[in-house]
Amino acid sequence: MRRVVITGSGTINALGRDVPGTLEAFKNGVCGISELAFRDVERLAIRIGGQVHGWDGAEHFDRQQLTLYDRFTQFTLHAARQAIEQSGLSFSGELAERCGVVLGTAAGGVTTWDESYRTVYEDGKNRVHPFVVPRLMNNAAASHVSMQYNLLGPSYTVATACSSSNHAMGQAFHMVRSGMSEAVVTGGSESMLCFGGVKAWEGLRVMSRDACRPFSANRNGMVQGEGAAVFVFEDYEHARARGAPILAEVIGFGMTSDGADIVMPSADGAARAMRGALRDAGIDAGSVGYINAHGTGTAANDRTECAAVRMVFGDHADDLMISSTKSMHGHIIGGTGAVELLACVMALHDGVVAPTIGFEAPDPACDLDVVPNTAREAPVEVALSNAFAFGGFNAVLALRRI
Amino acid sequence: MAENVRDKVIEIIAEQAVLDVEDVRMDATLDELGIDSLGLVEAIFAIEEAFDISVPFNANDPSETDFDISSVAAIVSAVEHLVAEQAE
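Top line first, the protein sequences correspond to chains A and B.
Under this note's numbering, the first residue of the first sequence is numbered 1, with each subsequent residue one higher.
Under this note's numbering, the first residue of the second sequence is numbered 1, with each subsequent residue one higher.
Each statement offered as a hint is correct.
Partial list, derived from the structure: chain A residues whose beta carbon lies under 10 Å from chain B:
1. R219
2. G221
3. D261
From chain B, some residues computed to sit far from chain A (all C-beta separations above 10 Å):
4. D7
5. I10
6. E11
7. V18
8. D23
9. R25
10. A28
11. L33
12. F51
13. S70
14. A73
15. S77
16. H81
17. V83
Since the hints were derived computationally from the structure, they do not count as laboratory data.
Glycine included, C-beta positions come from ideal geometry on N, C-alpha and C.
With the sequences and hints as input, model every part of the structure.
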């Protein structure tokens, strides 16, 4: 089987519009969560989020493109350009036919749904824009990446709620490892910070009105974010032969289903996913130095996740670092695993572990080293990235320093 | 009015618990009635719709607000309080 490495990365999120800006914010423990700004926000009970403020698609795309690009597609293309440029790859001939794009999103073009429904229901119009369907479809972002970069091989979109981009990147890893593709463009995107999107989340009563404080005893819920991160996963030999930059190696992927509850997490399902990633990578639990937690800041997730880490790592749980960058960029739902993978790459490549900010008081149910409030310099050989979705679908990636 | 609030709240809880109204005791806890966290969130939504009120409840920290869910009687009294507040 082939070894798989990451040769390009790109992002846009509340912390920055590229990877260096985002990593700088991680290192400084910057909070990107702020007052939401969009139409009808005054009718919401939840008014904070990790919103990308001041984004103007017209600065990046022409009029023809914009009629087809929902905000989640714009974010994807913005991140994909950075990743593919960094990798130095261009796709033509046989390589183009073997390479593809696999992206995650939970809900696709939510803003487009929202605006179209507003037009017909609230404004009472009987006509909507002709491109509503190609804008809102979940695979729109992946399709535009494939069209723009001539990726002609296997491409698709994965939707498993909050695990979407981890599942997508796991699939990309499998495709390169098995020899199906030399390179796969992968990651995820989400943008549901609009009136209908946040209103739907409000209903569940799991959202915080003031801050995302993962693992802190006084945490009171999740805060939603938006954005994208895209990576190039590439065959190690292929990357080495062309002298490509190598950011980290992807060494394992574990996925499980709780088979239990549509919203409540399960420690057993999470633990089996982490064990699966370790087994797939062929490494011992003791070699893991950092876990990027799912860490949503809800009472249930954080308690359950910490219990699962103890089940998998035993005494070593006290020696490893685990942090949730959602405290800074918010929960980017189907794109969150992709943005969070940047923190894993930073830990492995730069030797800096991103903090869990907003940490105010220890919770006995979360008694792990959560890297509270301040980033930490520490050499990390192996990192895990956790994603545990509503619906009980868990996906964990394992990465190694190279 | 108070009688109506109680009857309506019990009706909503009974529907969530898949019980007859007369089987919902005032001192019963939601746990005893078999109502889980999802059922609770749905019941609160039904209460908000029925009385056109806003119930301050965060599933992460039920004790954060003074909306007491420790028993059927506590919920009835909390809803009565909110309805009265709204009438003021």
